[in-house]
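Undergrad: Below are the chains, spelled out letter by letter.
Number of protein chains: 4
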Amino acid sequence: MSKSSIKNIGVLCSGGDSPGMNCAIRAVVRTAIGEGLGVYGIQKGYEGLLENNIRELNVSSVGNILQHGGTILQTSRSKEFRTPEGRKKAADILKKRQIDALIVIGGDGSFNGAMALHQEHGIVVVGIPGTIDNDISGTDYTIGFDTAVQNAVEAVDKIRDTANSHARTFIVEVMGRKSPAIALKVGICTGAENVVLPTATIDYQKIAGDIDRGIKRGKTSSIIIAAEGEEAGIGYTIQKNLKDQFHLDAHVCILGHIQRGGNPTPTDRLIASQMGHSAVKAITSGQNASATVYVNGKVSLAPLADCLRKKNEFDVSEVELLTSLSI
Amino acid sequence: MSKSSIKNIGVLCSGGDSPGMNCAIRAVVRTAIGEGLGVYGIQKGYEGLLENNIRELNVSSVGNILQHGGTILQTSRSKEFRTPEGRKKAADILKKRQIDALIVIGGDGSFNGAMALHQEHGIVVVGIPGTIDNDISGTDYTIGFDTAVQNAVEAVDKIRDTANSHARTFIVEVMGRKSPAIALKVGICTGAENVVLPTATIDYQKIAGDIDRGIKRGKTSSIIIAAEGEEAGIGYTIQKNLKDQFHLDAHVCILGHIQRGGNPTPTDRLIASQMGHSAVKAITSGQNASATVYVNGKVSLAPLADCLRKKNEFDVSEVELLTSLSI
Amino acid sequence: MSKSSIKNIGVLCSGGDSPGMNCAIRAVVRTAIGEGLGVYGIQKGYEGLLENNIRELNVSSVGNILQHGGTILQTSRSKEFRTPEGRKKAADILKKRQIDALIVIGGDGSFNGAMALHQEHGIVVVGIPGTIDNDISGTDYTIGFDTAVQNAVEAVDKIRDTANSHARTFIVEVMGRKSPAIALKVGICTGAENVVLPTATIDYQKIAGDIDRGIKRGKTSSIIIAAEGEEAGIGYTIQKNLKDQFHLDAHVCILGHIQRGGNPTPTDRLIASQMGHSAVKAITSGQNASATVYVNGKVSLAPLADCLRKKNEFDVSEVELLTSLSI
Amino acid sequence: MSKSSIKNIGVLCSGGDSPGMNCAIRAVVRTAIGEGLGVYGIQKGYEGLLENNIRELNVSSVGNILQHGGTILQTSRSKEFRTPEGRKKAADILKKRQIDALIVIGGDGSFNGAMALHQEHGIVVVGIPGTIDNDISGTDYTIGFDTAVQNAVEAVDKIRDTANSHARTFIVEVMGRKSPAIALKVGICTGAENVVLPTATIDYQKIAGDIDRGIKRGKTSSIIIAAEGEEAGIGYTIQKNLKDQFHLDAHVCILGHIQRGGNPTPTDRLIASQMGHSAVKAITSGQNASATVYVNGKVSLAPLADCLRKKNEFDVSEVELLTSLSI
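Chains as they are written, first to last, in our numbering: chain S, 1 to 327; chain Y, 1 to 327; chain B, 1 to 327; chain R, 1 to 327.
Keep in mind that the hints were calculated from the coordinates and are not lab data. Bear in mind that the values here come from a model prediction, so they are computed numbers and not experimental data. Incorrect hints may have been included.
Pairs count within a copy or across copies, as identical chains cannot be separated in the list.
When the alpha-carbon atoms are kept at most 25 angstroms apart in a straight line, the in silico PhoX-like pairs for lysine-lysine are as follows [unchecked claim]:
| no. | residue 1 | residue 2 |
| --- | --- | --- |
| 1 | K89 | K7 |
| 2 | K240 | K216 |
| 3 | K311 | K298 |
| 4 | K243 | K79 |
| 5 | K298 | K310 |
Given only the sequences and the hints, what does the whole structure look like? Please build it.
TA: The following block contains the structure:
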């Protein structure tokens with residue numbers, strides 16, 4: 001589809017919500033209107049698209065939303081859209097509404113859906129990486145990560161007060177599924193004594209040794225940050241093993257959904273605004289299947305194909321930094 | 001012991017830590033010094049007393065602590081002190097140090113220990129109610145409650161973002177053991193659709209009906225606040241029952257120890273400061289076994305004997321208020 | 001007007017906005033609907049009433065507002081309403097709309113307007129005290145005070161970081177006009193070395209002496225809390241006098257409007273909810289000119305006539321507490 | 001001086017304090033000890049160095065400081081150190097203490113001092129950029145910037161509540177002296193209607209036109225972010241001109257020192273930790289006059305000579321982004 005023929009764009013959020021999505025929506029809407037495009041908000045992700053849950057957005061629709069967490073468009077996961085029939089139906093709905101391009105804010109799963117929609121039905125698509133897990137290939141940053149880390153760090157700072165007051169060990173489980181990103185940054189930023197990453201085998205001997213060494217050098221508490229991995233609850237496993245193997249008592253806190261919400265941090269607001277703006281510019285400049293990415297400290301465009309995988313690597317030097325600073 | 005003969009006082013925290021304890025310690029220390037008394041900080045509660053873990057505090061010892069959660073004196077629970085032999089040993093240590101009066105910041109258990117120490121060994125004691133649970137008889141307020149509620153409310157505000165974005169039901173479990181105080185105030189202050197109190201039988205029919213009604217009238221989410229009761233984990237029970245009996249999906253968040261920490265709110269700072277000040281004045285004015293209490297909106301003194309029980313009542317009109325406002 | 005004849009009520013905010021007003025509005029609307037009444041939101045205070053800026057509110061109109069500062073009804077100050085002609089016009093508009101009772105959320109000025117409307121035109125009125133200044137006669141609390149104090153205390157905590165790092169004196173000017181309430185509570189809660197109240201003559205000799213004494217005993221900083229008084233800017237006067245008379249350097253921070261905004265604290269949410277609920281109950285129980293007040297730690301009803309004056313007294317024991325704890 | 005001969009290093013903060021300095025100090029101390037070096041904390045910057053205000057730091061000296069704003073080493077500006085005689089004296093003190101290398105956390109002025117000390121007396125120096133203004137050449141980031149922006153954004157979010165409630169225009173003056181960095185990021189992140197940068201001529205016609213257009217399209221408030229420039233107070237000038245030239249009323253808020261303090265954000269904690277670690281590694285690897293910088297999204301080392309100038313440029317595309325999103 002040539003650049004000039006696009007008249008209307010749609011925007012939706014898909015997968016887990018993340019703080020900053022509203023900033024991206026606001027930037028999409030206002031940039032689109034500034035470019036003379038019509039812009040349609042699709043409620044509840046691909047699910048809502050299939051239900052024709054769509055309304056036109058204007059400049060005021062996105063007023064006073066950039067400071068709030070969550071997403072005014074709501075989000076969901078859709079089974080039907082994962083089928084070719086579902087995507088055919090979605091494409092028909094978009095075409096009937098004369099929506100020629102779709103901006104999808106979400107994770108790698110949402111991007112794969114967008115790519116299929118593009119390949120099978122020629123819809124112009126742009127992906128904006130939005131997930132607190134920071135685990136999408138091709139970008140150093142995904143919207144919501146900074147706020148999630150901020151929420152978790154504030155929580156651990158509070159837990160540290162109690163840990164110090166009782167001379168206790170705490171295991172704090174943070175979100176991120178198989179991504180180590182939240183756990184690692186939270187660990188460094190809270191001075192955690194240990195961090196347990198999702199892909200690693202847990203070295204209980206080392207953890208127990210560190211706790212013991214900490215007590216001997218006069219530390220009043222120990223904090224272990226654990227990435228949740230495939231399923232929440234790993235904190236309890238660690239607790240049991242420390243107790244069974246080393247007679248060490250530890251308390252468990254699973255931070256859970258408090259990490260996802262709240263007012264987005266300035267960094268999330270800025271990057272989300274830049275990405276939303278950039279996504280519309282990608283469409284008006286004739287890109288077909290692209291994604292906004294954050295590379296080398298800047299927002300730019302990349303082929304959507306580069307951003308379809310999960311990314312769970314981490315920089316081992318960051319683990320060393322954590323270890324060398326929490327002595 | 002006559003008023004004039006008291007030269008030194010001790011101060012300790014006992015039981016769970018609560019934000020604002022540092023404000024009370026600061027007030028005790030500086031008021032005592034202003035009154036010409038020596039003041040000794042006993043580390044780690046009755047346990048530390050039995051270990052003679054005591055140091056003299058001066059004006060600077062408590063500088064820049066009032067804004068921080070936890071307690072610089074640390075706290076603990078002691079088994080030994082619950083025995084007559086333990087208390088005899090504690091009294092001997094105090095007498096040897098010429099500490100004639102003891103200020104105990106803690107809950108009803110800590111107060112019972114103080115009362116026994118007074119009755120068996122003639123130590124002048126004053127109790128300052130410090131627990132986030134707000135469950136001590138004889139006082140409308142205990143230090144830490146306001147901060148705990150604030151922490152929980154901020155957390156639920158964040159969870160509401162995600163709940164709205166996904167059109168979900170969340171069960172948020174708050175602290176307070178058998179006390180309904182935190183759950184009830186948090187429920188009203190977050191516009192929770194339901195609150196489950198520790199003493200009540202859970203009416204699943206009503207909860208399910210409320211969720212259903214909320215969806216029908218267009219609500220984008222439901223939040224149920226559950227008091228932890230005897231043991232953390234009730235949230236999972238509620239989740240299972242809603243699923244099994246009504247096929248309702250709900251997410252669980254156990255807020256846990258993030259409720260205990262963090263900078264104390266102004267209300268906790270003020271009341272703790274007034275109570276710490278008042279506790280020293282009680283000693284210098286010749287009181288024997290008293291407690292600082294908050295009644296009718298003001299800090300005053302009461303017999304310690306009035307404050308030895310747990311208080312788990314609640315005002316049913318507050319439940320009605322919550323219900324009538326969350327329609 | 002008899003109890004049974006009231007079918008519709010109006011609600012407006014007047015004067016300066018204060019955090020928690022939204023909670024009161026929500027409580028008014030939902031309680032009224034629960035009582036079978038129609039409820040109308042009047043936008044922009046008496047000004048909006050005179051412009052017939054009125055819309056019916058339903059249960060959803062006040063969804064998801066209790067956690068936000070400001071007021072969805074907006075507020076203003078009106079000159080026209082202060083004239084008998086203005087109030088006649090307002091009463092006519094209300095009557096034409098069949099709004100028989102009016103709930104006014106605001107300060108003493110707003111209450112005087114409500115009282116005149118009642119006396120001159122028989123409109124049933126209820127006042128809900130809403131101002132951050134906590135300066136209305138007849139009630140110990142006004143909605144917004146706790147949040148304003150919280151905002152100011154958080155700000156001073158931050159300023160203390162810099163003050164300590166540079167060994168500086170800071171003068172922090174807080175809101176409250178001629179009311180000493182914010183300044184006094186903030187002073188105690190931040191461990192301020194001095195507090196300057198609006199009605200007192202400023203004793204520069206004492207302030208300079210305190211700073212000097214603090215430095216000698218090893219304090220790393222001094223903070224003076226100044227109530228703004230009639231007009232913002234007193235901080236600069238204090239700064240100049242300390243410099244001119246004692247060669248003391250001090251930095252000035254005027255906290256300004258950051259004190260008014262932000263998510264209301266739990267205490268503001270609770271009391272505002274109770275007051276909004278209680279105001280509607282006052283109407284349905286046949287009260288004519290009443291106000292919701294907070295006395296002895298509880299929300300109750302009082303004659304509106306008791307709440308028409310400004311209250312600028314303070315408890316001198318609180319100043320003594322501040323002084324004795326900041327040694 | 002060859003790599004192997006360095007046995008002790010000193011660390012100081014200089015110029016204005018910035019949140020995250022404590023993280024850098026902690027990282028310097030613990031990395032140095034891990035490398036087998038002695039490490040000395042110099043209190044109060046170059047001033048304290050000249051006063052021999054130096055103490056050895058150990059692992060525990062920097063425990064529980066990373067979450068707090070300000071700097072435990074305190075900071076200052078020194079006139080004497082700007083003279084060759086002052087630097088000679090400083091070098092002598094360092095040599096007498098066998099401190100062979102000095103890590104300076106501060107801004108461009110502090111770096112110039114370090115460079116002179118290196119050139120004149122052969123002291124090994126490393127600069128760590130620490131200033132909220134983000135205005136040092138050679139690095140994209142300086143410690144404290146993220147927290148300052150976060151503090152300012154939270155404040156403007158609160159002011160927005162009042163602005164909306166009263167349909168007002170607010171001028172919010174932020175820190176940064178001649179650097180546009182804080183103003184620009186805060187402007188984008190708060191959806192400000194205008195931003196006034198320190199180097200630009202103020203286009204009152206445009207500002208007034210924007211406010212007018214906003215009112216016409218239904219906006220409930222306008223916020224103008226103004227960079228303080230050479231001296232605080234520009235907000236009042238803007239207010240006067242809008243009033244005199246366009247009869248527009250606007251309120252002024254000068255955020256002031258609340259921007260400098262408070263718990264550092266995760267980003268400041270992380271980058272400061274990495275920089276502190278990296279600075280010690282620079283010394284042990286034989287660098288002579290280097291600085292830790294943040295370029296392309298990563299911490300690395302650069303010649304100190306690259307970081308001696310103030311940097312006040314800004315990306316004009318960010319102004320365009322702000323303008324296009326605040327329509």
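Undergrad: Just pull the numbers of the violated hints for me, sorted ascending.
TA: none
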